[in-house]
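Visitor: Sequence:
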Amino acid sequence: MKADDDLRTAETLRLGVSRLSSRLRAQHPGRGQALTRMAASVLANLRHDGPLTPTALAAVEGLQPQSLTRVLNELEERGRIVRSTNRKDRRSQDIAITDLGIEALDGHVQEGNRWLASALKTLTPTERGVLELAAGLMVRLAETAPGSTSRHGGSDEEGHGTAS
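Just so you know, our numbering puts the end of the sequence shown at 571, numbered straight through with nothing missing.
Because the hints were derived from the structure by calculation, they are not lab data. Hints may contain errors.
[To be verified] Quick list of the computed label-pair ranges, beta carbon to beta carbon: (1) A526 x M408: 19 to 25 Å; (2) T492 x T416: 45 to 51 Å; (3) T419 x S499: 25 to 31 Å; (4) L530 x T492: 47 to 53 Å; (5) S525 x A463: 35 to 41 Å; (6) D506 x E418: 18 to 24 Å; (7) E534 x S491: 46 to 52 Å; (8) R535 x A466: 48 to 54 Å; (9) A463 x K409: 21 to 27 Å; (10) G514 x T460: 37 to 43 Å.
If you're wondering where the values come from, they're calculated on a predicted model, not measured in any experiment. By construction, the Cβ of each residue, glycine as well, lies at the ideal position given by its N, Cα and C atoms.
Produce the entire structure from the sequences given, and follow the hints as far as they go.
Guide: In structure tokens:
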């Protein structure tokens with residue numbers, strides 16, 4: 408049955424993504440300046456989406472705004488984000504990534520990318536090609552609206568990257 412095949416594929420894909428994500432996180436040794444998974448995700452969202460309110464940022468992360476308080480405070484203390492009063496609603500704040508935040512995020516991503524590039528050398532050229540195609544498809548899946556069942560032809564040829 409098609410539904411059973413899709414569930415098996417989803418299970419295998421989720422396991423592979425989860426294990427690879429864990430392995431990439433393990434490439435960031437416990438240095439004092441290392442980013443946590445959540446800090447890296449927050450910085451990546453701010454970099455890609457521009458300044459966001461805590462509520463909007465929490466929605467992107469799938470969390471309650473209170474759950475981000477500690478992470479935002481740490482990022483602000485290290486100069487990686489800056490808060491300012493929202494121009495439309497003076498009771499709200501906008502959070503923006505700083506140059507130090509961009510630098511920290513770039514370093515975080517580069518460490519993982521170096522390990523991943525090295526690991527890719529263990530695969531055949533055909534296997535690397537399959538992964539390149541799969542990476543584009545995973546980005547497209549991640550951008551699919553909840554409950555969407557539309558099918559698209561073609562491929563995503565944009566070079567989207569990830570933060571962790």
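Visitor: For every hint, state whether the structure bears it out.
Guide: Structure-based check of all given hints:
The given range of 19 to 25 Å is broken by A526 and M408, whose C-beta atoms sit roughly 35 Å from each other. Evaluation of the 45 to 51 Å hint for T492 and T416 yields a pass: the beta carbon distance comes to about 47 Å. Between T419 and S499, the C-beta spacing of about 42 Å breaks the proposed range 25 to 31 Å. Hint check: L530 to T492, Cβ distance near 50 Å, so the stated range 47 to 53 Å holds.
The given range of 35 to 41 Å is respected by S525 and A463, whose C-beta atoms sit roughly 37 Å from each other. A hinted range of 18 to 24 Å is violated for the C-beta pair D506 and E418, which are about 42 Å apart. Between E534 and S491 the beta carbon distance is about 47 Å. The supplied range of 46 to 52 Å therefore holds. The given range of 48 to 54 Å is broken by R535 and A466, whose C-beta atoms sit roughly 36 Å from each other.
The supplied range of 21 to 27 Å is broken by A463 and K409, whose beta-carbon atoms lie about 37 Å from each other. At about 27 Å, the beta-carbon gap between G514 and T460 misses the expected band of 37 to 43 Å.
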